[in-house]
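Protein chains in written order, with this note's numbering: chain D, 1 to 315; chain E, 316 to 630.
Possibly wrong hints are sitting among the right ones.
Computed cross-link-like contacts, DSBU-like style, restricted to lysine-lysine with a CA-CA straight-line distance of at most 30 Å [what the hints assert, rightly or not]:
| # | chain 1 | residue 1 | chain 2 | residue 2 |
| --- | --- | --- | --- | --- |
| 1 | D | K23 | D | K59 |
| 2 | D | K3 | D | K201 |
| 3 | D | K110 | E | K467 |
| 4 | E | K595 | E | K614 |
| 5 | E | K318 | E | K332 |
| 6 | E | K467 | D | K152 |
| 7 | D | K23 | E | K467 |
| 8 | E | K318 | E | K467 |
| 9 | D | K110 | D | K4 |
| 10 | D | K269 | D | K201 |
| 11 | E | K338 | D | K152 |
| 12 | E | K332 | E | K425 |
| 13 | D | K152 | E | K425 |
| 14 | E | K413 | D | K98 |
| 15 | D | K269 | D | K299 |
| 16 | E | K518 | E | K528 |
| 17 | E | K345 | E | K536 |
| 18 | D | K152 | E | K413 |
| 19 | E | K543 | E | K467 |
| 20 | D | K280 | D | K110 |
| 21 | D | K299 | D | K30 |
Pairwise CB distance ranges, derived in the manner of DEER restraints [said to hold, decoys possible]:
| # | chain 1 | residue 1 | chain 2 | residue 2 | range |
| --- | --- | --- | --- | --- | --- |
| 22 | E | M393 | D | K30 | 34 to 42 Å |
| 23 | D | E239 | E | K338 | 36 to 44 Å |
| 24 | D | K30 | E | R515 | 54 to 62 Å |
| 25 | D | E239 | E | T447 | 35 to 43 Å |
| 26 | D | D47 | E | T341 | 54 to 62 Å |
| 27 | D | R42 | E | H599 | 34 to 42 Å |
| 28 | D | M129 | E | M393 | 44 to 52 Å |
| 29 | D | T205 | E | M393 | 47 to 55 Å |
| 30 | E | P394 | D | R42 | 40 to 48 Å |
| 31 | D | D315 | E | K536 | 21 to 29 Å |
Simulated coverage check for chain E against chain D, where a stretch passes if three residues somewhere in it have a Cβ under 8 Å from a Cβ of chain D [as the list claims (entries may be wrong)]:
| # | region |
| --- | --- |
| 32 | 489-497 |
| 33 | 585-592 |
Don't read these hints as lab results, they were simulated from the structure.
Using N, Cα and C, we set each Cβ at its ideal position, and we do this for glycine too.
Protein chains: 2
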Amino acid sequence: MEKKKCIGVDIGGTSVKLGLFEKDGTLIFKWEVPTRKEEGGRYILEDVADSIRRVLIEKEIHKDEIVGAGMGVPGPVMPDGYVEVCVNLGWHDLNPQKVLSDLLDGIPVKSGNDANVAALGEMWQGGGMGYTDIVMVTLGTGVGGGVIIDEKIIAGKHGLAGEIGHIHVRDEETEHCNCGGVGCLEQVASATGIAREARRKMKATDTPSALRKFGDDVTAKDVLDEAKNGDDLALEVVETVGRYLGLVLAQLAMTVDPQMFVIGGGVSKAGQFLIDVIDKYYRHYTPISENKAVIGLAKLGNDAGIYGAARLVLD
Amino acid sequence: MEKKKCIGVDIGGTSVKLGLFEKDGTLIFKWEVPTRKEEGGRYILEDVADSIRRVLIEKEIHKDEIVGAGMGVPGPVMPDGYVEVCVNLGWHDLNPQKVLSDLLDGIPVKSGNDANVAALGEMWQGGGMGYTDIVMVTLGTGVGGGVIIDEKIIAGKHGLAGEIGHIHVRDEETEHCNCGGVGCLEQVASATGIAREARRKMKATDTPSALRKFGDDVTAKDVLDEAKNGDDLALEVVETVGRYLGLVLAQLAMTVDPQMFVIGGGVSKAGQFLIDVIDKYYRHYTPISENKAVIGLAKLGNDAGIYGAARLVLD
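The following block holds chain D by itself, in its conformation from the complex (with noise of 0.2 Å):
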């Protein structure tokens, strides 16, 4: 029998999201099931692996049709889907790839870690479709990255590669990031560093603004929203994060020099106002070649991890 479908699964820390592919990229059908984190998460692979069977019963799809299972994985995952410790899920010490095809009766599965393997999910089907060389900046409560190179996700031999919201970027920061960094990407150009920003401008002047209502709840979605509507105050926060964002941009463009930047995370729903705005910076920054990587939308949303872990198995 040709083997035709692949599975994608996305470890989160509150659900796993799963979904049923061709092997062109077309969901079939997607469903979740609670993640079990008791008893150091023993019971994940084991709820995926029954999850799974049942759905292949139900749709009448044969193991036989099955070319394989990714599995996208919230902490650092070694090349031969090892992983040490992934503190939101309890696990310790464990092969989970090597579990679940033990699970599921020999059926291939390969996993990465979950912001590497969005990003090869917005490659496949999303905002880099077409593309073979994109590197995905996600900003959301953190800000997460990941490269990919031929189509590949570029790991790294330590788990680092893709952590672009711990790369350095301002010098006269002075509070700590959670990596113990100061002045991390993340601590500007994330969902919590936009609001927090905010605040700081909010507190530091006296600038008439529309974010002053909200006071210390102002979210990152109020200051790109007062921003679209023209407020200074929130047009300057908005302006330095795309500074910030800009200049990582502009060095990823000149170390791995991609095909395209796929923004995604809660805080892209701003859309191409933010796009532009970050594109203004990521120019300055790249004089040195008008060709070069462009900027877009990631299109996938939360289902870019199940389009990317189901496409690991396809090489």
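Could you slot chain E onto chain D? The hints should help.
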């Protein structure tokens, strides 16, 4: 006949370096020919082919023993070997790997940008020997770079990969870099940048310094020599250089996460003294993990290009 030898060609603006290698990396013979740049560099590849043919006859090596020839080109090379323009050689609209292959009766020829090819050479038989993932940083008249992942060059989709000399690092810079940017790494960390930094510091302060006897003729070597002697002003310059280099290596660790950074070029003759300063700042900017790439010295000097070129045809 088993093919077990390969040829490396490193085309420079003044001379072409060539090397005949065993597949295991042993250099059998190396030689040079002048680079004839007249008439748009039209004789360069003919000279290379003639010279290779002569050496093979001299050494009594049959063409069938040769796996192929690799070639480093001093400018951007497209993935198919196409060179739009190479100002250093006078080439326009040429596919030199195709031309050289034709001139050598169909021997396979592969090519790449010379900085990237040198990085591959250092990975194969130089400072990065034993590793598969390295980033090389060449501190010479300019600052060049090459990114090697899984034993392959990341060439980029627009010829920009590894152009780390033009990463913006210094907001307070006022002079322009050759690339059109302001505050590029190259403006601080190249031999010319280091000398300029020393001249600036001498003018800006009255600090007594052994460098003052050199006046405006001070060189990067003078700066590094006097820093080793404990000269305060020279040490300040080296700290500045090391800080920006450490910052960029940290960015690279959080982008492609190699096993090793290999530092080469004339400035790297300062040896472990310079590495230690870079390493101090590199660690400062990567608190996220202790488990990360090490920093060491290049070993092949000007031969890195022929080694890397020969390695190109072994995939």
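(request) Return the numbers of the hints above that this structure violates; sort them in rising order. (result) 2, 14, 19, 20, 23, 28, 31, 33
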